[in-house]
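> Single-letter residue listing:
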Amino acid sequence: MPQTATANILNILESDFSGVVEEWLGTQVKEGVKRSDLFSDSESRAQNQELLKAFTKGVRAGVVNEEFSLDDDEWEDLRAVLADVSKERVGRGVTPTEMATFVLALKAPLFTRLEAMTDIESGKLISDVLMVTRLVDAFAIYTNEIFIGERDQIIERQRQEMLELSTPVVELWDRVLTLPLIGTLDSARAQEVMENLLETILERQAEVVIMDITGVGTVDTQVAQHLLRAAAAVRLMGAECIISGISPMIAQTMVQLGIDVGTVSTRSSIRTALADALQKVGYVIKTSEVS
Amino acid sequence: MSAVRITRFATAVSEITRNAIVHGGGGKISIYLDGRNEYLRVECRDQGPGIENVTLAMSEGYTTAGGLGKGLGGAKRLSHGFEVHSAPGKGTTVSMSVKL
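Protein sequences appear in the order of chains W and F. For the first sequence, the numbering used here gives the first residue as 952, with consecutive numbering after it. For the second sequence, the numbering used here gives the first residue as 61, with consecutive numbering after it.
This is chain F alone, in the form it adopts within the complex (with noise of 0.2 Å):
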């Protein structure tokens, strides 16, 4: 893999772990390789208070937390694929991907 895409990568998933840790308490990370090694699978996956509204939280500027607002659309940017699976009271889980 090249610098700037371990860069980005790494990147977006201290991003979306540092979220798991300032709104949902800490939580638990889950490494995957796909079965032909093309890609590499972050999971992250928290038991805080959830996110209400997806698509508002991943857009430009929108923060609860005092922060710029970028994070969330920003780690998206920065992987090849990305997840959000979040409700009120369920926890989040934010699944990201880069090519190998």
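Next comes chain W alone, as it looks inside the complex (with noise of 0.2 Å):
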């Protein structure tokens, strides 16, 4: 038996439902939110038909009692198809707005529609009106929610490739290798450098590291902490290792933490600590004598 709460609603969208494709995509146009520049006509109705269909399945078989949630599995064709069209649509660059004005653009068709059937009681059409209101509000926010989570996803992605690309270990002479460090270090970060930088010491049988932080913005106790760790660990795989870059500025914050290098040797800039580094592998830098 239907349920009497949504058997108007569920009515036009069998009796009717190509119309309320139309009508609904004719809103999208009307309210600016059709993005006929990203997506083809016949892309979009393909869209709007796939989205409507799960959602009638959902309005016929997940209301109970007046009451749904869209977490439940008679709403999973609808979160499914969402799941695809928001994934396409936050790869093409659609705003957040834009995908839920989109959606709350059904509420349209399915008024009009309510309003046209003369044989509902206004005390029923109010309720009925409240339950579509309801259906596709909850549409709107999981479809925005959905939204945000795809766009965490690239954010994510992003950050992990970020990360991956911003610790190079550079071999600037045999046996004498670099670390340019840029921005912030928090902990997964240093992780990573860590793990690089050990790996490339063998690899390379290096026997200098320069570790340049002259990228790095601020210095606290727990970059402080990082990076000694990390100089610690190379000179337990038998290397040297000498951090440069440290500004003025840098130098004063150290000293006002309290925090002491030890054994570590610093240099101001990258250039003195390759000039050390090389006469440490055994080279010396000469000028040419012209004759």
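Keep in mind that the hints were calculated from the coordinates and are not lab data. A virtual CB, placed ideally from N, CA and C, is assigned to each residue, including glycine. Just so you know, not all the hints are guaranteed correct.
What the hints assert, rightly or not - In the SDA-like style, the derived pairs of lysine to any residue whose C-alpha atoms are separated by at most 25 Å in a straight line are:
#1 F:LYS88 with W:ARG1110
#2 F:LYS136 with W:ILE1197
#3 F:LYS136 with W:THR1169
#4 F:LYS159 with W:VAL1206
#5 F:LYS159 with W:ARG1110
Unchecked claim - Listed next, with one range per pair, are the computed distances between beta-carbon atoms:
#6 W:GLY1042 with F:GLY141: 46 to 56 Å
#7 F:THR115 with W:GLY1044: 52 to 62 Å
#8 W:GLY1189 with F:GLU98: 45 to 55 Å
#9 W:LYS1038 with F:GLU120: 23 to 33 Å
Could you use the hints to bring the two separately framed chains together as a complex?
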């Protein structure tokens, strides 16, 4: 037996499915959220049809005693279609507002059709309108959540990529490595840096490692601790560590913080650090004599 | 503001916000400018377990997280004004300011 709360809504969705789809598309155009620059007409129509089909299925089975939750099994289809549609739309650069308005535009065609049903008494009409509102609102909120989730994933992926990109170990000279650090150094990145560094030391048989912090804005106690730990690990592997690029500002700050660098050598610039490193591995830098 | 002062204060703020994230499970940060534009004040508030003995926590080398134990005292030395309000179970609020 159909639920009385959704009987009229379901009736509209089933008897006039393509009419609703067309009018939904029309409202999207009117509200300016149909991105004809990003999606072709047939693509938009297909997406709307699929969404509405899944929505209808949810309304048919997923509303019990006027209550529903989009997390229930009956709404699984809608969630799946939405995930696909959102993914595609995020990828093509649709904004969250456009996405929500796109879904909310479904209200108008449903309202006009309810209004046209002459056999509904006014009290029932209001409760039907309320029901449509609740359903479509829930639909829109869920859409936004998926949309944000999709973006979060993109951000997370990019963060991961940046993490890998931002810890390059460069071989400057035979047995001399440098690690230019840029930005902030949190625990995850420090770990990444250290692993990368130690592996490269082994691979290249490095004897001197220059950790350059010219591009690090602030060195607080935790950053300092990460640096000193990395230096200690380098020493354990039999290589020497020079921390370079300590600006006057950072030097003062580190003193105020009471950070003791112990036996780790430090240099103000990578230039002096390199001269030092080359000397340590037995090279001499000389100006060539022009005869 | 001079570059040194900016670096110093930024480090103090970094120190304190890191504490709020590591120990307090995250929190809120508010930034104020006093009426005569003389001071910038940053207030960091968390709802974490709080600090039992603030004086002890401020002392050199005291740590509960395996850190250097210099953060809180260091942050105080790096700012012009520094206040900690905390009690066990009540969260922690650190207010630090710098002369502009």
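> Does each hint fit the structure? Answer for all of them.
Evaluated hints:
1. F:LYS88 with W:ARG1110: holds (23 Å)
2. F:LYS136 with W:ILE1197: Holds: LYS136 of chain F and ILE1197 of chain W sit about 22 Å apart, inside 25 Å.
3. F:LYS136 with W:THR1169: holds (16 Å)
4. F:LYS159 with W:VAL1206: holds (20 Å)
5. F:LYS159 with W:ARG1110: violated (35 Å)
6. W:GLY1042 with F:GLY141: 46 to 56 Å: holds (49 Å)
7. F:THR115 with W:GLY1044: 52 to 62 Å: holds (54 Å)
8. W:GLY1189 with F:GLU98: 45 to 55 Å: holds (54 Å)
9. W:LYS1038 with F:GLU120: 23 to 33 Å: Violated, since LYS1038 of chain W and GLU120 of chain F (Cβ atoms, about 53 Å apart) do not stay within the stated range.
Violated hints, in rising order: 5, 9; the structure is consistent with all others.
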